[in-house]
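So the protein sequences, as listed, match chains A and B. If you want the working numbering, it's the position in the first sequence, counting the first as 1, plus 2. If you want the working numbering, it's the position in the second sequence, counting the first as 1, plus 13.
Source of the hints: derived by calculation from the structure; they are not laboratory data. Some hints could be false.
What the hints assert, rightly or not - Capping the alpha-carbon separation at 27 Å, the derived lysine-lysine pairs in DSS-like fashion look like this: (1) K300/A / K275/B; (2) K168/B / K124/B; (3) K348/A / K275/B.
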Amino acid sequence: MSIESREMLINMGPQHPSTHGVLRIILKLNGEKIAASEPDVGYLHRGFEKLAENMLYHQFIPYTDRLDYIASMNNNQSYVIAVEKLLGIEAPPRAQAIRVIMSELGRISSHLVWLATHALDIGAMTVFLYCFRERETIIDLFEETSGNRLNYNYSRIGGVAFDLPEGFKDNLRKFLDIFPEKLGEYHRLLTKNRIWMSRTKGVGILTREQAINWGVSGPVLRGSGVKWDIRKAFPYDGYENYDFDIPTDDACDVYGRYLVRMEEMRQSRRILQQALKHLPDGKVILEDSPYVSPSKEKIMTENFSLMKHMVLTIKGMHTPIATLYSATENPKGELGFYIVADGSGKPYKLKIRAPSFINISAMPTMLRGNYLADVIAVIGSLDFVFGESDR
Amino acid sequence: MADINFFIDGIAVSAKPGETILQVADRHGIYIPAICYSDRFSSPIGSCRICIVVIEQLPEEDLRTHSATHHPVATGKCSRPMPSCVMKPKEGTYVWTNTEALKQARADIVKKWNRYHPLQCGVCDASGECELQDAALEFNITEGLPQDFDNLPQKTIHKEWPIVNNDTNLCIECKRCVKICDDVMGVKALALIKKESGIFEIDTVDGKPLDCEFCNQCIDICPTGSLESKLFMYKSKAWEMDRIVSSCFFCPAGCALELNVKDNKILRVTNHLPSFNDGNLCNLGAFAYDMNEKNRTVSASIDGRETDVNNVINKTYKEIKRIINEYGSDSIAIVCDSSVSSESMVSAKWFADLVGTKTLIIPDADGILKLNRVLKKSGLLKQSSYESIKNSDTVFVIGTDVTNSVPLLDWFIIRKSKSKAKKGKLIMAYYRESKLDKLKPISLRYNLGSERELLLLLILKLAEGAENTGFIKKIPDPDALIKITGVQEETIEAAANQIKSGSLSIMIDTSLLERAGIPELISDLAIVSGNRSDSIEFWPISRKANIKGAESILSGADQHIDKALFQQRLSEGVFHAIIYFGNAIERILPPQITAKITDIDLFVMLSSYKTDNFSAKKTFVLPVATGYETDSHYLNLEGRLITARKAVNAENENILPVQSVIKLLAEKFNTIMAPLKIDSGPAAAITEKLIPLDYEYKAMEEMGSKHYPYKLIIGHDRFRSDVSTSFGSGPKIAKSVGYAEISDRLAESLDLKSNDRVRIISKMGESETVLSVCSGLPDNLVIVPEGFADINPLTLFSSDDGYEHVNIEKIGGGK
């Protein structure tokens, strides 16, 4: 029997439990080491950008739920903020605060799913169960608010669909009270765990320069030591009023990104506490705006409100003729919407800058020289979702 | 006059003389909201006041220092709000279209409209295309005026009107319907009328249920759901329908329209396209859209027995082959209706070439072909254009009522008379009163049948002296001619003077052109009018949609024979097979011809509609698609190739486009049919030298008899063109039966009333119908319209003179 010494090409995915969706990676192996790799995406392409051109601005909101379906609340918020910027309107303060609460809860929930699956992939089964336990609490909160458990469709152009339900504040406070303890549990299970450290430390290096050049964003960027957060750089929905830090780590490896996300959950809790404390009263959606349908009561009793509602739902609103790019800091990174508006009720073009897609593109750089088994760790640390990447 | 320079919202603009501020703004792309304004009208209404602007007159010294951009908002003293659709700009003024005060004023107007507007957008047909809805959003109405719920005004809902449903509760009193009815259609049926309670409502002028042209114009232009079509009500929401841009093919005008289709069904017709018809449509264009659903031939058949299409095509091939072998290819005649598409006509001609027959007949094209030949000889042949009607100094209509034949031309003439320039005069030569008489034209009301004499008189007047009329042999005595025509000499003189005054559009009925001498006389008249060939237009007027297509296809072909020759050959027994492209042959050919066709060996019919039990020894029927079921082309009156686009699928797969049927048939002859080439034909060059044509006058003998004292004429009706339109529900509601019209004096002498059932008797037979008594008709005339299912006037005709001697008898009591 002779030993093959050539490089070997193998396919990983697209149907593989640890690729977090339908990702195919073409790996060129030199023994156990990865000489080169090429991620192949697009298996979940549904043509959202094209679909958007044929629907009213309002109608696209539920589609954004299906981008990063682990953090639907954040996508909703990101899209409606883009449209609000296009129209030159701003949601009422209470709606903005509610959207901050929802997006930070979304961030924690998304990071919990990341942690659960990341740890599971590497072999730490317990963490998965604990994380999903806490995530369940958050999803219950979302369900109370929006009626849905995964695709919330909660934000509206000019505010949010409904006010917070009764008892929401108490439930949220309860969660925030117990969450640090739970976070400590995860830390105790992983942070100093020898197996965990040996599987993640020094693995999937993406240097600061590489990270910037690849255009990665979110925790992946911060895990390479770049202090960049859109919530701080271009605050939206009143993020400038909240006191929080941007966690970074200079390790540039899987472990670094792990630490960044763990810290982000703590920071999100901080924001949530402040938001709860200073939650303003008032309307949750702009009223008397030419871009917002009047309330159901008005539609049923006032002819001009009914007329406005009919036109808004049939022809859509009158937008300015403009192009606009707007981005928000999502759990996965910078989610941006580029809108070309031609004055009609439908976008002429709507481009989505999906953080997952761009983060995946940096993967070959991280994988080069690592072992085949480390692919799983790197995938976990990138935390991508294909609903968003493939659109 | 020089252009007027002024500023709108700080932008320097210049107005052409006569333009209003709104028109200038529109031309420069500056938006001023407006509801009652439409550029389809000759003048603005000025009722809605949404288009208000303020005008600022700056002192002279300010003007010098202000540049256009240095003036973003009104600073000085402004005028009170003025409607910009009416106001003409003044030199150097600043017009502001969107100040806060104006926004508030517009919102106040919309609030007033909304005050008692019913809360029924959810069920209203206009929802989704309602301008009041749009205004509510555009001006962002957020509060209403106080309402007195104890005394809600209840306005009338006119459910009793035919076709039009008028719910005045929804009306915003913009008066667009009143304006379009008067200004564009010249009907003046609607008005804003003060009711006893003091509120204003749109109602008919006389207060009776609406009885008008039912042209859809008021429905189409209504900004709200106040005026709605009963045929469309509650069938669909505006946004659920596909709008297919197509063309009307019920008359040769070829108006552009949009077919609103949902679930493979045409639900209504709208038109907001920029086109030569300005969005205007008549009853047929707007309401005959469901004509492809009724009385259709849906399967191939042999002698009435339904069978497979391929079977019929096979048998047709075998029969034709047999007849060619036995009697030669000239024993096959191809007959084509002139209301079918160019595809049918080109297929017919192609098939005639394939079987090698020398006989291709398009019966109604005889007149237009004669004119074509005559004009070619005299050097006057050219392509007319609708634009030139608007500019011509004289419109001379003879022997036709364009209102009923080609409504588009009627609108052009009305538009001319309503426009401020008042350019051009109408000469109406017709034997009876018509709608255009309202415009006070020079009216030459001649005795029926004296068209030649009338034209001769005009020529003699225009030529001024016998030395100029060498082309007319045996010049008759003018006094005798005047007596025959029955027109006053002064009127003829006035008409002649008007004809001399400049460019000329002549509209003449094609059936008139079929008569000997008329084409030559028309051509001569045009020449002696002193015009050059570029300032004369001829409009052969017919009710048949593709009369121009027939002209284009036949003018170069050697196969065509006219009706008389066809009849002669028929009686000689030359033909053994006839292949017919079109519907209801008994309605396009007189009975003396159709009676012979029934004796023929083989009759193949490529029809969309069932006929009234017409059959030959062997009758093969092949179903073909209508203009709504396949893309088809027509040549309109100005020679433009128009496309009627496919809107719905045919009921079953047996129904094929006519060219596909011929293609299948050609395959049996081992021939592959090339794709059809349909074009508008070569444009005729304008010639400098005009040649008058010789004409010899012969007085016609009056053939009246004791038994048949009255003359029967086939009338055109605006609610019918070819037989297919009688299956459209709109025209059917507007006019359900083909009334025979007689004058009031004749009715009195015969003791007849309107709605009496009468029997019309001629040498050929008799026919029953309902009577309508009207004024302004010669006393010896009976007019029966064509295109109605219940009566076919053609069956009474024995000759081709254009009229028939008949008698009328009353049967039973009134209906």
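For each hint, the structure was consulted:
1. For the suggested pair K300/A and K275/B, the alpha carbons sit about 32 Å apart, so the restraint of at most 27 Å is broken.
2. A distance of roughly 18 Å separates the Cα atoms of K168/B and K124/B; the hinted pair therefore holds under the 27 Å criterion.
3. Between K348/A and K275/B, the direct Cα distance comes to roughly 23 Å. Compliance with the 27 Å bound is thereby established for this hinted pair.
In summary, the structure is inconsistent with hint 1 from the numbered list given earlier, while agreeing with all the others.
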